[in-house]
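Given the coordinates of chain A, assemble chain B onto it according to the supplied hints.
Protein chains in written order, with the UniProt record's numbering: chain A, 1 to 312; chain B, 1 to 272.
Don't take each hint at face value.
Subject to a maximum C-alpha distance of 20 Å in a straight line, what follows is the list of computed EDC-like cross-link-like pairs (lysine to aspartate or glutamate) [as the list claims (entries may be wrong)]:
| hint | chain 1 | residue 1 | chain 2 | residue 2 |
| --- | --- | --- | --- | --- |
| 1 | A | K138 | B | D228 |
| 2 | A | K148 | A | D166 |
| 3 | A | K148 | B | E36 |
Hint data in this document are derived by calculation from the structure and do not stem from the laboratory.
Spelled out from the first residue to the last, the chains are:
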Amino acid sequence: MTAPAILPARGLADRLTGLFWRHPRVLLALLLTPPLLWLGVVYLGSLAALLLQSFYAIDEFSGVVKEEFTLKTYGELLRPSNFDILVRTVIMAACVTLACAALAFPIAYYAARYARGHWKAAFYLGVMLPLWSSYLVKVYAWKLILAKEGIIGWAAERTHTSWIIDGLLSIPGLEGSSLSTSPLGTFAVFCYIWLPYMILPMQAALERVPTSMLEASADLGATRAQAFRTVVLPLALPGVIAGSIFTFSLTLGDYIIPQIIGNSANFIGMAVYQLQGTAGNIPLAAAFAVVPILIMLVYLALARRMGAFDAL
Amino acid sequence: MLSDRSPLSLRAAAIGGLLFLHLPILLIFLYAFTTEERSFQFPPPGLTTEWFGVAWNDRPDIWPPLWLSLKVAAIATSIALILGTLVAAAMTRTAFFGRDQISLLILLPIALPGVITGMALRSAFGIMDIPFSTWTIVLGHATFCIVIVYNNAVARLRRLSGGIMEASADLGANAFQTFRHVLLPNMGSALLAGGMLAFALSFDEVIVTIFTAGSGTDAKTLPIWMLDELIRPRQRPVTNVVAILVFAATFFPILAAYYLTRGGSETAGMGK
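Pulled out of the complex, with its shape left as it was, chain A reads as follows:
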């Protein structure tokens, strides 16, 4: 009698290997349990806590959170002073998204269509490094730039164009003693910080536009402008929308930039931060935090319909 052509199991490790081989689901379950426990408990649990808190309300006299279900806190969001914050944030997010799209397009288009070899790598790193470098350092850099005595003021004085800045700063709604205390400054910094998030998905979408289509459109007599408008732009649109998801969502939630640069008008993020901190009104802070989630859910549903997820 010959021995079977299977090596004998040499201990626990071998026996487990056999078990994994016969029942792949066991291995799958073992692999997935720790990370899912972490994300499920820590993250989803926290989101549930957020939702729960937003249905509580604060007692107006004692300032203590009453743990009973109520819609009162959401009602407070509709008060004019709070509703203004929501509207202001959404308008800012929309403006920033449009400006980022306009600024990002030449960079993404050049990198996708013309840059080759070393230039391609340079463009990739040139976008990636600012994306990853320290957020606070970037905000701080803009505080240096926008300060009244800073580099923009200096350059404007040297070129005798200070009147342009003064003119901009006297437009109703954009007033400020310098760019760093005007909503214009907040807008500029938002655009700068989120720009790389727009460039990358846009470039990815543009890379997928086949050159043969451009050649075909040229053969059919389209001018450069026509080819751009009727071929490149529609094919790049999913990438633009994918990028806009980031710029829109990140602007909706940010509370550091408007705190440091601008006229300290409130944004959703700042309201959340202040309400949970000094004001101690966690239910209202939670309700404010739920708003961006809802807006983003709608936004994502629309983006999905436009095919933006294929471009991510």
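Chain B in isolation, oriented as in the chain A frame:
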């Protein structure tokens, strides 16, 4: 044949855009050497290197935040490396029910604005009466670092041929030996890249951290220290010196991560 030469205006706009992304950061370096400490006067009235000495010798308030940030980033990165690799391994091997939902769950912590993650954790700590500590900071950081490691690991695993695992099994290795001697060496550089990116992300994080750190002075990470200096400035050039340090701590890991994963479909950094 279409021209491969780009229109001059496009090239100018593209290069202008790249300069726009990089020039502001250079100013941070310049202002670290200015002699003017009360305003952001440009051009600086004079240049000096004294602020590096001041930051090193006379500002003991810099060191505890620096150590705390390093500690938090190290722990959060370790947790993320383990959890991220586990999910990546599970996700590449098989198709199973709920796979899409899990990939969404991993992505969610960085897809939603940081203020939501922060406020959600803050609400949970409030409901469960958990006091703020270093560990509440780590909890938040590890959660959004998982996806960074996962992105790098999953890209590498996808490129890896399944054949080498079967070959290893045929040669008599058990699952653990295959992991140790076949899988890990092949994934090493991708995990290193993911780990470095996660470290950089955690070291620099401020939006979530403020919600999970509490207000104690011993709960101040370096970015929170910097934020305080931005709101209530004193010795502004010293803030610049620290800013250079923070910049370097995020700049070199991303550069290293890029070179570690270059040439694949996985090039590091797409995940943020």
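Is the straight-line distance between the alpha-carbon of A/K148 and that of B/E36 20 Å or less? holds, 15 Å
Is A/K138 within 20 Å of B/D228, Cα to Cα? holds, 15 Å
Hinted pair, alpha-carbon criterion (20 Å max): A/K148, A/D166. Please report holds or violated. holds, 11 Å
The earlier numbered hints are all upheld by this structure, with none contradicted.
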